[in-house]
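Chemist: Sequence:
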Amino acid sequence: MAEPCSSSSSDLIASDEGQLAQLLDQDQQHPAVDDTNDDTLLANMEACFKAFDKDSDGLMTLSDFAALCRTLFRNEQGKAYAIEESRLQEMFDVFDRNQDGYVDFQEFAFCWKHWIKPIVRPVSALIIVDVQNDFITGSLSISQCPAQQNGQDVLKPTNKMLETVPFEVVFYSLDWHPDNHVSFIENVGKRKLHSSSQKKAEEAVTYDTVVFEGPPLNEQKLWPKHCVQNSWGAELHPAMKILENGILVHKGVHPDIDSYSAFWDNNKMSKTDLGSLMQKKKITDLYVCGLAYDVCVGATARDSLDHGYRTILIDDASRGISVDDILHTRDIITDKNGLVVHSSQVKDMVEGRDRRPELGYFQAMRLRQMPQNGGIRDDKSSPDDNASPRDSVIFLT
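Numbering (our numbering), first residue to last: -17 to 379.
Honestly, the hints are just simulated from the structure, not real lab data.
Treat the hints with care, since some could be wrong.
The calculated DSBU-like cross-link candidates involving lysine-lysine, where the alpha carbons are at most 30 Å apart (straight line), are [unchecked claim]: (1) K32 x K61; (2) K32 x K99; (3) K264 x K207; (4) K207 x K172.
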């Protein structure tokens, strides 16, 4: 696909994914060894660096970097994606760490390890959000919501991806509420409302938003009772393919706090184990789909971006509540340099044949936030990074 660097020549060559990917394959055999200290990996980086250092002066210019980007960012047919000059400059500046106008070999080693590798060899996870009975044919069926979309529509594209796409790990999130959950309209009179609430308990109806006194102060949209723990409505839809090594992530288990995202509750007071599990798997890319597009799917995708994961929302494998809110969710994800794609595009992206510049730009901007010698991701996306997990994770074996 891309035009990679050759380990035996400093010329750029054309091949079907090329030797740049082969060099990275060799690198993956030594994951615990720092690239700059291992002779083989050092030789691989040096070969790649020389391929793009056109005048062989040991310094990569912006023009050289642009050639590298044309090689890296190509679709599955080998066609290079266009990249705005301003974005090329921004990304170049990230790797020109001493700001002298060039990327030297030491700076390129950082670029190789933390940027090129995730682009060419992404480690991808899929999270299937809340494909549960109550959201499809039960008490909170999205077909009865303003957009009148059919939740069952997500099953076919999702199951096809599970059968054909080599994800490193697949997560299934489930709303898993206690009977006295704060989000249920049936329970609105059981907790004291704050004086700022625009609706009183006795006048609130389904889909209204109220403010509970707490503590903490808690703005809450009211839903019909749904996905009560161990009920039929909380079960995954029977047509949903469940992988033997899939991982269940239960959310919304605390009675006083709702949880749209599969990472955090809505008040960022407690987190699930999803983030730590992804770190252990060395995930770089998270694909998100399910129900509801503009609520839990969107919240999970936003938190994924905030945690520093390259994030892809799968449009045809998600269905939502409000057309306007669905469109707004798409805009939020793309504005944050995530992607919204069709399920038919996912396999090529996961296998590294379709490499999108938006994801490369996102990764570069994430690296810009790093200290000169710091780590990449520490999940400091919440004011309380030490919040203890309340929601549960179950491994399917």
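Chemist: Run every hint past the structure and note whether it holds.
Modeler: Going through the hints against the structure:
1. K32 x K61: holds, 23 Å
2. K32 x K99: Roughly 17 Å between the alpha carbons, so the hint for K32 and K99 holds.
3. K264 x K207: violated, 37 Å
4. K207 x K172: holds, 14 Å
Consistency note: the structure conflicts with earlier hint 3 alone.
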